[in-house]
Amino acid sequence: MSNPLGPEITETPMQRDRAVTIYERSVEGRRAATLPESGVEERPIEELIPKSLLRVKAAELPEIAEPEIVRHYNRISRRNFDLDTGFYPLGSCTMKHNPRLNERVAALPGHARLHPAQEPKRAQGALELMWLLQQSLSEICGLPHVSLQPSAGSHGELAGLLLTRAYQAHRGESRTKVLTPDTAHGTNPATVTMAGYEVVKLASNEKGGIDLDDLRAKAGDDTACLMLTNPNTLGLFDENIEEIASIVHEAGGTLYYDGANLNAIMGHSRPGDMGFDIVHVNLHKSFSQPHGGGGPGAGPIACSDRIEPFLPRPQVVRSEPQNGGEPSFDLDFDRPKSIGRLRGFQGNFGVFVRSYAYILSLGGDGLQEASETAVLNANYLLAKLSEGKAGKYTPVAFQNRPMHEFVLSGAPAKKELGIKTLDIAKRLLDHGMHPPTVYFPLLVDEALMVEPTETETRETLDAFAEAIDAILVEAEDDPAVAQQAPYTTPVRRLDEVAANRKPVVRQPL
Amino acid sequence: MSNPLGPEITETPMQRDRAVTIYERSVEGRRAATLPESGVEERPIEELIPKSLLRVKAAELPEIAEPEIVRHYNRISRRNFDLDTGFYPLGSCTMKHNPRLNERVAALPGHARLHPAQEPKRAQGALELMWLLQQSLSEICGLPHVSLQPSAGSHGELAGLLLTRAYQAHRGESRTKVLTPDTAHGTNPATVTMAGYEVVKLASNEKGGIDLDDLRAKAGDDTACLMLTNPNTLGLFDENIEEIASIVHEAGGTLYYDGANLNAIMGHSRPGDMGFDIVHVNLHKSFSQPHGGGGPGAGPIACSDRIEPFLPRPQVVRSEPQNGGEPSFDLDFDRPKSIGRLRGFQGNFGVFVRSYAYILSLGGDGLQEASETAVLNANYLLAKLSEGKAGKYTPVAFQNRPMHEFVLSGAPAKKELGIKTLDIAKRLLDHGMHPPTVYFPLLVDEALMVEPTETETRETLDAFAEAIDAILVEAEDDPAVAQQAPYTTPVRRLDEVAANRKPVVRQPL
Amino acid sequence: MLDAIGVSSIDELFDVIPEAVRLGRSLELPDGKPETEVYDRLSGLAQRNAHAEAETSFLGAGMYDHYVPALVDAIVGRSEFLTPYTPYQPEISQGGLQVMFEFQTAMSELTGLPVSNAAMYEGPSAVASAAYLAIGATGRKKLVASRGVHPHSRESLVTYGAGYGTELVEVPLVDGVTDAAALAEAIDDDTAAVFLQQPNFLGGVENIEALGAKAKEKGALVVVACDPIALSILRPPGECGADIAVGEGQPLGNRLDYGGPSFGFFCATEEQIRRMPGRIAGETTDVDGRRGFVLTLQTREQHIRREKATHNICTAQALNALAGMVHLAWLGKRGFVELGELLVRRTAYARERLAQVDGVESLHDAPVVREFAVSLDAPVSEVLDRCAAEGIGAGYPLGRDYPEHENGLLIAITERRSPQDIDRFAEVLGNAIAESRGAPVAQGVAL
Amino acid sequence: MLDAIGVSSIDELFDVIPEAVRLGRSLELPDGKPETEVYDRLSGLAQRNAHAEAETSFLGAGMYDHYVPALVDAIVGRSEFLTPYTPYQPEISQGGLQVMFEFQTAMSELTGLPVSNAAMYEGPSAVASAAYLAIGATGRKKLVASRGVHPHSRESLVTYGAGYGTELVEVPLVDGVTDAAALAEAIDDDTAAVFLQQPNFLGGVENIEALGAKAKEKGALVVVACDPIALSILRPPGECGADIAVGEGQPLGNRLDYGGPSFGFFCATEEQIRRMPGRIAGETTDVDGRRGFVLTLQTREQHIRREKATHNICTAQALNALAGMVHLAWLGKRGFVELGELLVRRTAYARERLAQVDGVESLHDAPVVREFAVSLDAPVSEVLDRCAAEGIGAGYPLGRDYPEHENGLLIAITERRSPQDIDRFAEVLGNAIAESRGAPVAQGVAL
Ligand SMILES: Cc1ncc(COP(=O)(O)O)c(C=O)c1O
Ligand SMILES: Cc1ncc(COP(=O)(O)O)c(C=O)c1O
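Residue numbers (our numbering), protein chains in the order written: chain A, -14 to 494; chain B, -14 to 494; chain C, 3 to 449; chain D, 3 to 449.
So here's chain A without its partners, still in its complex pose:
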C-alpha cells in the first residue's frame, strides 16, 4: 500500500479536528435569528418592569450565524456513535431500531403543536390515543390500570413506591423496608431512598435468581415492597416467581416489577400474571422511542385494582357513549386518594405517540415475535461466543438459558490475559461497535452484559462474536493493545479522574 495515511499524518481526520465549543465559534455581532417587529409601541423596558428586577448584562450566548450552527452540530454529531450506524448491544437498555414512521406521526401538528392545557373536549384525539396506549399496555402487562404520567423508568419506580406507601397507609400500615436483589439496577435502591424507605438487599442463588431462604428471612412486617426485574439483569427468568410473589404478599408487601426487561417476554408472560402489583414499562426500551443520547423516554405504570385508587392525577378516562354516540375522553382530576402529580401536565405525550405507533405497527403477534427474536438473537450470540475464545476468557456468568440478554464474566480474561472488561470494551470501539454494558450487574466479576435485541441481523451478531474473538486472540499475543485501546475514536481514553477532581462543568465566558 503506497504511502498509507500520507507523509505526516498520525491521527485520523476526526482526531485531528479538536473539540471546539459553540462559544468559541462566537464572533460579536453575528446572529442567526431575525425576530418579528413588535408591532406595538417600543416602550423602554424599564417603564414596564422595574429596573432593579432586570438584567444588567445579557447572558453570554453564542453569536453565530445559521450556517455555522448547522456545521457545528453536524460535525460534532459525527463524534457520536449511534444505533443507526452500528451494533449497540448495551445490556439492559434494549437498543432496538427506531422506526422513522414514529417520528413522522409525532411531528404532525395535531400532536406537536397541541397545548397541554387545551380543554379535553378539544383534545379528544390526544386523549383517545393515550387511552388506547393505556389499554395496550394493560393487556401486555396483564394488569387492569395504567397511568402514563412517569417520565422514565426511574420515575415509574418512584411512583410505584409512593403508591405502595399510599396503599399501605390507607390500610393503616407503616412499613419501612424495600427488598431489592443484589442484581438490581441502581435506580431501584436509589428510588427506595428517595421514597423514604430503607433498602434491604437480597442475595442471589446459584442460578442467578432470588435466594428464597434469604427472602423468607427478610420478608416481614416491615416489608413494604419487593422490587424485581424478571428476567433479571442477568437475563435469567426467575423460575420461582410464584413462590417469591406468595412470600412477599403473605408478608403484606407489594410486588414491583421493573419493566426494563419486558422485551424478553411480550406475549409470552405478563407481570400481572406473575403476581406483580405494580409495573413500569420503559417506552424507550421495549416500545422503540429513540434514546436521544439519554432521553426522552417515558415510564408508564400499570397496576392492579387494589392500587388503582392511588394512581397519579389526572387519569385519562373514557366515557361510554350516551345514546349510541361516539365515546368521549376526559382527564379525571377527581381522585381523592391519588398520590398526586409526579410532574406537569399529562406526561411525555410525544413518546406516547411514537410507542403507540409502534404497537399499532407490530400488533399483538408482532410484539410476541419481537420478544421471540430478541431471545433467539441473545441465545444465538451466546452460543457463537461460547464456541470461540470468549468461552474461555469471558464465559457466561450463569449457565442457565438466558432470555433476551446475557452476562459474561471477564474475570478469566483479567487473570489469564491481563486485560480487564474495560479494555475489551475499549478495544471493541476500534472495531466500530458499541460495547455491552460493563461492570453491571455488580454480582458478576468484570461483567459484560450483552443485549443484542431483535432488530439485529445474524451477520451483525456473527461480526460481534468475531470481534470479541479477535480481541481475545490479540490479547493472548499482546495484552497492551487492548490495554491502550481505543486508537481510532475521535478521542482516546479520557482522564476521568482529573475531571472529577477539579470539575469544569461549564465554559468560562
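Among these hints, one or two may not hold up.
What the hints assert, rightly or not - Derived DSS-like pairs (lysine-lysine); straight-line CA-CA distance at most 27 Å:
(1) A:K36 / D:K218
(2) D:K144 / A:K162
(3) D:K310 / A:K186
(4) D:K310 / A:K487
(5) A:K405 / A:K106
(6) A:K162 / D:K218
(7) D:K310 / A:K203
(8) C:K310 / B:K162
(9) C:K218 / B:K322
(10) C:K144 / C:K218
(11) D:K218 / A:K42
(12) C:K144 / B:K162
(13) B:K203 / C:K310
If you are wondering where the hints come from, they were derived from the structure by calculation, not from laboratory data.
Place chains B, C and D with the ligands on chain A using the hints.
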C-alpha cells in the same frame, strides 16, 4: 503521542470500511415494507392481465429490513463531503447555505401532497406562490415575463434558444448560428447543438471580456443569438456589455443571459437593463435550493415583451379581482405561439417553494446584501491568497477586480513545483475542504475557480488561504506529497481510466 | 476585510459595473421577514390547496399519491445527501456515487435494459431526450408516437424537435391500446424511433413486443415510457425488444409536490451506452485497490465535450433518485411485486365498481394495472366540482388532451385508496353525475 | 440459528418460564398494520385536536407556543443525536457530551448560577427534586412555597414529599406577587427551602432578592423556578441570592407536544455541586492530550452510588436539552434579549387592550413579562367555548387551581401572536363575554 492509531492500523476507519452495496447486504426473505391487504378478491393476476405481458422473474431488488437500510444509507452518507460540513468553494456553483426553513415549508402537506393535475381553482395557493415567484424573479432580472417551467439552467438555456428560434421564425427569419465566448460553460455549446444551431466561438480580450472585434466580425445575418454569462465564468463583469448588446441586436440576434452568476449582482444590476432578451436563473444557485448531490434544481426563464408570446405552456396568470374580490390564479394553456412544453406539469414546484421562502426571508435589501457579501468575500479571499504563496504559484488569471468568484491559474505551480491543479485540489481534500472548480474555464491554463459565497465566515476564508499556502509550501519541499494526495479520504485517487475503458455501470445480480 | 482588499467601501467593488447598467435603486421586493412570518405566510398559501391529505384523491395521469415511507424523508434529509453538489471529487463523494450505482442497478432491473443513467429531470423531457438520442443514432428525423404516450411527453417531443427539424406522427388508440396496424403503417425508413407508453395514458397495458416489431425491422429504435411501479409485474421493456426505456420516477419515493421535483429515468441497450445523456456512475478501484465509484463515460457530457456532447443536462435530480432508490429498497424484491399486484386487484375492483354506477361507462376494456378511463354521462367539470365538495378528487378529465373523450375521466388507484374509499367514491360519483344531469337525488341517501 | 443454540424451536427458549405464569394465548391487540395505515390512523387522531396551527392560541401556564426554528428539527433529527443512549463510552460519545457541556454553560448563563446539570425530566419534577436536594443539604423537612409557584410544581412537591415526610406551607399572593410578610413569617429554623417562581404563575415578576432574604437568614435554601425565556431580561436568580434555579425548558426549542417530552433544568451554587441530581458533563483531556468531555461526578449517581445516590434519575431528556441549546444558539446573545423585549412589549399591549374590553378586569397590576391574568365577568368555561368556536384559544382558566379566581383567565403571548391577533382576540373575547352574560350582540359587528 503514544501509539498513534494503534499497532496495526494503516487506514482510517472510513478507509477500512470498504464499499458494500445494498444488493450485497440483501438476504433472501428479509423485508422492510408491509403492504396493506388488498381488501378485495384476491384474483390471480393472470386473470386480469394476459400472462404474456407479465414478468416471468421479479426484479432483483434488495431484500433487507428497515434497520439495515437506515444503517446502509447513513453510513455511506458519511462518505460524502457536504456543504453542512465545511467550505465548498466550487466555482460557478454558488454553494451557499441552504436554510432549513425552506425544507420545512416545502414539506407542508398543502405543497408536498398537492397533485399537479389538481384543478387550478383548487390549487390557488400553489398558483399564487408561483405567480409571486415569477414577479420576484421578474423584478430581480429586470424583465417583465417569467416562465418557471425549466428544470435546471441547461433546460432554461434550451428554452431560450427554442424561444429565439420561434421568435425569429415568426419574423420569417432562419438563423443558424449561436455565438458563445470561449469562457462559456459547457452547457451553452451543448445546448446550441441540441437546439439545432451551430456554435460560433468568440475570443476573449486581454481583460477576460468578449473581444469586440471578434464579435463584430462574427455577428451577422446568420446570428441567432449570443449566449453570455455576466459576470462571466472568470468572475469578471464585462464592461462592454452595452456595446455587445447593441452589436448583437443590430445583427438581429437575441441576447441570452446565462444566470449562473446572478449571485454577484442582485440589486445592483439586472440582465434586462443590460439588454438581454432572455435570462435563466438557477434557483439552486442564487436562491438556495439545496444541490442534492446533483439536483434537483430549477431554471426559470425571464424575457422581454417581444419574446413573451412564445413562452412555454402553460403559464401561470393572475386574474384581477372582479367586483372587488380576491384575485384568482390560473394556468393559461391558450398560447398559440408558445414553443410548447419542455416537461410535464408545471415545473419543479417544490424548488419554487424553497426559493420563494428564501426571497421572502431576505427581502430586496437582503438579496442585495447577499450579493455584496459574496463579492466582498471573493475579493477578500483573493487578496488573502495573493499575499501568500498562491500569489506566486497560482496567481489570478486576469488582473481586473473580480466579482463573486475568481479564477487562478496553476500554471506556475505546475512548471515550478511540478504539481498540477489536480494535485492541489486533491491535497485540499486532506485539509477537509472541497476544492474549487478545476480546469474550467478552459481559457485559463490549470484553472482553479473559486467561489466562496456570502454565507461563509472570514475565519473560513482565512483557513482556506492558509491551506492553499500550506500545500504550496509543502510542495516546495516535496511535490510528491500533493502528487499522491489525498491520503485521508474514504478512498484515495480512483482509476477513472479503467472505469471508462470497461464500464461497470450496474451491479451484476 | 475591505482593508485587506484595498478598497474603502463595498460599493467600490461594484465600480466594475458601468453606470448605465446599474440598477440605482433598491429592488422592489418586500422587506425580509423573520422565519416565523415566512412560515406563516407559506403555510397560509399551502392551506389554500386541496391536497391529498385533505381530500381522497383519484388523480394520476403520470404522478401518483403513493405512500412515501418515513425512512425516505429521514435519509434524503441528511445534510450529507442534501447539500453537496454533483460528485466531481470522487474521493469525497463516494456516498452519492454509490447511490447512483445502486440506482442504476435498480432501474436496469426494472426495465430489463443493461445501462441506466443516474437520472434525468423528469418523465416527458426524458422522452424527448430519447428522441435526441435516436436521431443521433439513426441519422433520421421522423418520430412516430402512439397517442397512448402521455400528452406532456408528446408535446415535449414536438418542443424539443423544433431544433432538429423533426416530424411527429401520432398513431391512434383502439379500445384502449395502440392501433397496431396504424402504427406499422406509420413507420418507414425515415423513422428514427417509435414511442410507446406502458401502461399507456388511458391505463391500458400495451403489447410492446408486437408493437415494436415493425420498428425493429425498419431499423428504428423502440422507446418505451414506463410507469416504474407497473414494471413490478409487467414484462420489462428490455425483454420486449425496447432499445430505450424512460419514464417519470415520481411514483418511486417522491412526493407529489405539485409536479416536481421528481426524477426521470433513462435506460438503454449496451449499444447506446456512449450516446446516453446525463451522469453515469461506474465502479473502479483506488490506488490502494479499494473499491470505489466515479462518474464515468464523461466524454459524453457537456463539461468535457461541449457542442459535441450527447445532451446538455448538467444539474439533474440526484436527490430524487436517491428517494426512489430508498423506496425500492424499502419495498424490496417481494414488496415491490406485492404492491404491483395490490394495485392490479384494487384497480380491477374500482373499475368494476364504478362501471356499475349509473352514468359511468368504461372507456375501454384493455387490461390495466393501476389506472383506467371511464366516460361520464354528464359534464365532467361539473361532476369534478361536486365530488370535490364531498372531499373527493375524482380524477383527471381527459377532454383537453383527448377531445374525442370530452367527458372522459382517468382514475388512478394507489395503495392509499382503500376499497372503502372506492365504494364511497362510487356513491359520490353517482350522485354527482345525477345532480349534474339535473336529476334529483333522494335526500339523505346521498352519502 | 436454532441449531447453533442447540434447540429445535423458539418455543423451547421460553421453557424457562414456568407454565403457570405463561400467557398461553395471543395478546388481545389488533393485528400489525402497514406503515400507511398506521399513518392514517394517527393522522386521523391528530386531526381531532385543536392545535396551535389550527387556532390562535393564548394558552401558556408553563408551556408556550414559541416558534421552533427549522434548524432545531434538522439537528435533533440526525441519527447521530437521536439514536444513541447516555454517553457511557465517552470516546464514541463526544458529540452528545459536548452538547451537554454547551447546554450546561448556557443554563448557567441564564440562571447566573455556576453549576448546571445536563437536564431533568421537566419543570415540576425538577422543583420537587430541588426539595430533595434541600432536605439532604439542610437536614430539615419543612418546605415553604409561594402560591405563585406553578400548581403542578406545588402538587409535585407534595407527592415527592410523601416519602420523606415533608410539610408544605403555602404563602399567598398579594396583587400578583408573593406576600413578602407572610413568606417571612412562614420561614423558620425547620425550613429546608423556600420555593418561588419567576415570573410567577399569574405572570407577575417577583423580587427574588427581597423575598429570599429571610430564608438566607434562617439557613434555608432559596429555590427559584424560572421561565427560561424571561431570564433573557430578568435579573438572573443566581444574582438574587438563589441557591437553586430550576424550570421547565419547553420554551427553549421544544414543541408543545401536549406537554412533553421537553426538559427540566437544574442549576445551583458551587456548594451544591456534589448534591446535584442527574448527568453532568465535564471537560478533560485524553491520553494524547486532546480535549474531551466525560460524564463527571458520577459518584452522585444511582448507577455508582445506588441507595446513597443524590437522585434516582437515569434516562433524562438529553435530546430535548439539545433542542434547547440549538434554539438558544439560533437566537444568540442579542436575539435572546430582543425576544424577551418583544414579549414584554406585546404583552403590555395585550394587557392594556384586553383591559378595555367590557367584562374584563386585570387580576393584578404587578409587572409581567409574557403572561398576565384577568378576571371575566362571565362564566369562564362558556367564554372559552365561544372563543374556541371563533378559532381562538383564549387562555388558561384559573378556577381549578385558584378557586379564589373562579372566572380568572391566564393569557400568554409569544412572538407568534401578532398585534393583529391580539386585537382580534379582544373583539372575540368581548363578544364572547357579552354572549355568555346573555346580552345580545349587534349582528355583523361581531367580527
Ligand atoms: C434494569 C433497569 N431498571 C431501571 C432502569 C431505569 O430506567 P430509566 O432509565 O428509564 O429511568 C433501567 C435503565 O437504564 C434498567 O436497565
Ligand atoms: C456558468 C454556468 N452555466 C450553466 C450552468 C448549467 O446549469 P444547470 O446545472 O442548472 O443546468 C452552470 C452550472 O453548473 C454554470 O455554472
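Mind checking the alpha carbons of K203 of chain B and K310 of chain C for me, to see if they're no more than 27 Å apart? With a Cα-Cα distance of about 21 Å, the restraint between K203 of chain B and K310 of chain C holds, given a limit of 27 Å.
Agreement of K144 of chain C and K162 of chain B with the hint, judged by alpha carbon distance not exceeding 27 Å: holds (24 Å)
Hinted pair K310 of chain D and K487 of chain A, Cα distance within 27 Å: holds (22 Å)
27 Å limit on alpha-carbon distance, applied to hinted pair K144 of chain C and K218 of chain C: Holds, at about 15 Å.
Are the Cα atoms of K162 of chain A and K218 of chain D separated by 27 Å or less? Distance of about 35 Å is beyond 27 Å: violated.
K218 of chain D and K42 of chain A were given as a pair; does the straight-line alpha-carbon distance stay at or below 27 Å? Given pair K218 of chain D, K42 of chain A holds - Cα atoms ~25 Å apart, limit 27 Å.
Given the hinted pair K310 of chain C and K162 of chain B, is their alpha-carbon gap at most 27 Å? The hint holds at about 15 Å.
Hinted pair K218 of chain C and K322 of chain B, Cα distance within 27 Å: Answer violated: K218 of chain C to K322 of chain B is near 36 Å, above 27 Å.
Are the Cα atoms of K144 of chain D and K162 of chain A separated by 27 Å or less? holds (24 Å)
Check the hint pairing K405 of chain A with K106 of chain A against an upper bound of 27 Å on the C-alpha distance. violated (59 Å)
Next pair to validate is K310 of chain D with K203 of chain A; report whether the Cα-Cα distance is within 27 Å. With Cα atoms ~21 Å apart, K310 of chain D and K203 of chain A stay inside 27 Å; holds.
Hey, K310 of chain D versus K186 of chain A, does the alpha-carbon distance stay inside 27 Å? Measuring from Cα to Cα gives roughly 14 Å; hence the hint holds.
Hint violations for this structure: numbers 5, 6 and 9, all remaining hints satisfied.
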